[in-house]
Amino acid sequence: MQFNPMLEKVNLIALKDLLAEHNIHLIGVADWQNNLQRELILAANLPILGKIDNVSEILPEPRYLPTKIVPHNVIDKQVIYAKNSDLIIHGDVEHGAEVAADGNIHIYGELLGRAMAGVNSSSGSIYTQYLDAEFVAVNSRFLYKEKIPTEFLYRSVRIFAEKDKLIFTPF
Numbered sequence: 006m007q008f009n010p011m012l013e014k015v016n017l018i019a020l021k022d023l024l025a026e027h028n029i030h031l032i033g034v035a036d037w038q039n040n041l042q043r044e045l046i047l048a049a050n051l052p053i054l055g056k057i058d059n060v061s062e063i064l065p066e067p068r069y070l071p072t073k074i075v076p077h078n079v080i081d082k083q084v085i086y087a088k089n090s091d092l093i094i095h096g097d098v099e100h101g102a103e104v105a106a107d108g109n110i111h112i113y114g115e116l117l118g119r120a121m122a123g124v125n126s127s128s129g130s131i132y133t134q135y136l137d138a139e140f141v142a143v144n145s146r147f148l149y150k151e152k153i154p155t156e157f158l159y160r161s162v163r164i165f166a167e168k169d170k171l172i173f174t175p176f
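Residue numbers for the sequence shown follow this note's numbering, so the first one is 6 and each next one is one higher.
Errors might be hidden in some of the hints.
Restricting the straight-line Cα-Cα distance to at most 27 Å, the calculated cross-link-like pairs of lysine-lysine (DSSO-like) are [said to hold, decoys possible]:
#1 K170 <-> K152
#2 K21 <-> K82
#3 K88 <-> K168
#4 K150 <-> K170
#5 K73 <-> K88
#6 K170 <-> K88
#7 K21 <-> K88
#8 K88 <-> K150
#9 K150 <-> K168
#10 K21 <-> K168
#11 K73 <-> K150
#12 K150 <-> K82
#13 K152 <-> K168
Just the calculated beta-carbon pair ranges, DEER-fashion [what the hints assert, rightly or not]:
#14 P76 <-> L31: 34 to 42 Å
#15 K168 <-> L70: 26 to 34 Å
#16 P175 <-> V15: 42 to 50 Å
#17 P52 <-> H27: 15 to 23 Å
Just so you know, these hints were derived from the structure itself, not from any lab.
Every residue, glycine too, gets a C-beta built ideally from N, C-alpha and C.
From just these sequences and the hints, can you work out the full model?
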């Protein structure tokens, strides 16, 4: 796509999504003129073509990063977020703690606090060896502790989203 000053007034993310709905995928944006335009292009997560000296700036960041591993308990008031990756916790997620990931969450311990998987994606699951969570969410579907089916409490469970609800399965 060739950048022109009129595109400064357009939501590039919405434009990119609209084009993708029609199976048109942008490979990059060329002919940008100033830093404002460059920042708009980068904010829309589009590769920049032309006007650069370093080829590495053309390549987008990897969509998925290596799994984030936390080798200890997540304590009260602590927040852990695995952006563009899965999250593994080798320990408990204590009451008042919060863990989130754009991918899956694996908790090798007790889930007592809050867990949110598939935060910025359409897929994700929560796996825990012991479920007694304050709050769980997968792909924007969520339940507070009072609504979690009691037959899955205090057990090893996988939680995933299907249509408009959360599904719990023992493992």
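**Request:** Compare the distance between the alpha carbons of K21 and K168 with 27 Å, and conclude whether the hinted pair is satisfied.
**Result:** holds, 26 Å
**Message:** A range of 26 to 34 Å was offered for this pair. Does it hold for the Cβ distance of K168 and L70?
**Reply:** holds, 29 Å
**Request:** For the pair supplied as a hint, K88 and K150, confirm whether the alpha-carbon distance does not exceed 27 Å.
**Result:** Distance of about 25 Å is within 27 Å: holds.
**Asked** Within a Cα-Cα threshold of 27 Å, do K21 and K82 meet the stated pairing?
**Response** Violated, at about 37 Å.
**Prompt:** If you draw a straight line from the CA of K150 to the CA of K170, is it 27 Å or shorter?
**Reply:** Distance of about 15 Å is within 27 Å: holds.
**Message:** Need the status of pair K170, K152: alpha-carbon distance at most 27 Å?
**Reply:** holds, 12 Å
**Message:** Run the distance test for K73 versus K88: straight-line Cα separation, threshold 27 Å.
**Reply:** holds, 9 Å
**Message:** Does K82 sit within 27 Å of K150, going by the straight-line distance between their CA atoms?
**Reply:** holds, 18 Å
**Prompt:** At the C-beta level, are P52 and H27 separated by a distance inside 15 to 23 Å?
**Reply:** Once the Cβ atoms are compared, 20 Å apart, the range 15 to 23 Å for H27 and P52 holds.
**Asked** Within 42 to 50 Å or not, the Cβ separation of P175 and V15?
**Response** holds, 49 Å
**Asked** Going straight from one Cα to the other, do K88 and K168 come out at no more than 27 Å?
**Response** holds, 24 Å
**Asked** Has the given pair, K150 with K168, been kept, meaning a C-alpha gap of at most 27 Å?
**Response** holds, 21 Å
In summary, the structure is inconsistent with hint 2 from the numbered list given earlier, while agreeing with all the others.
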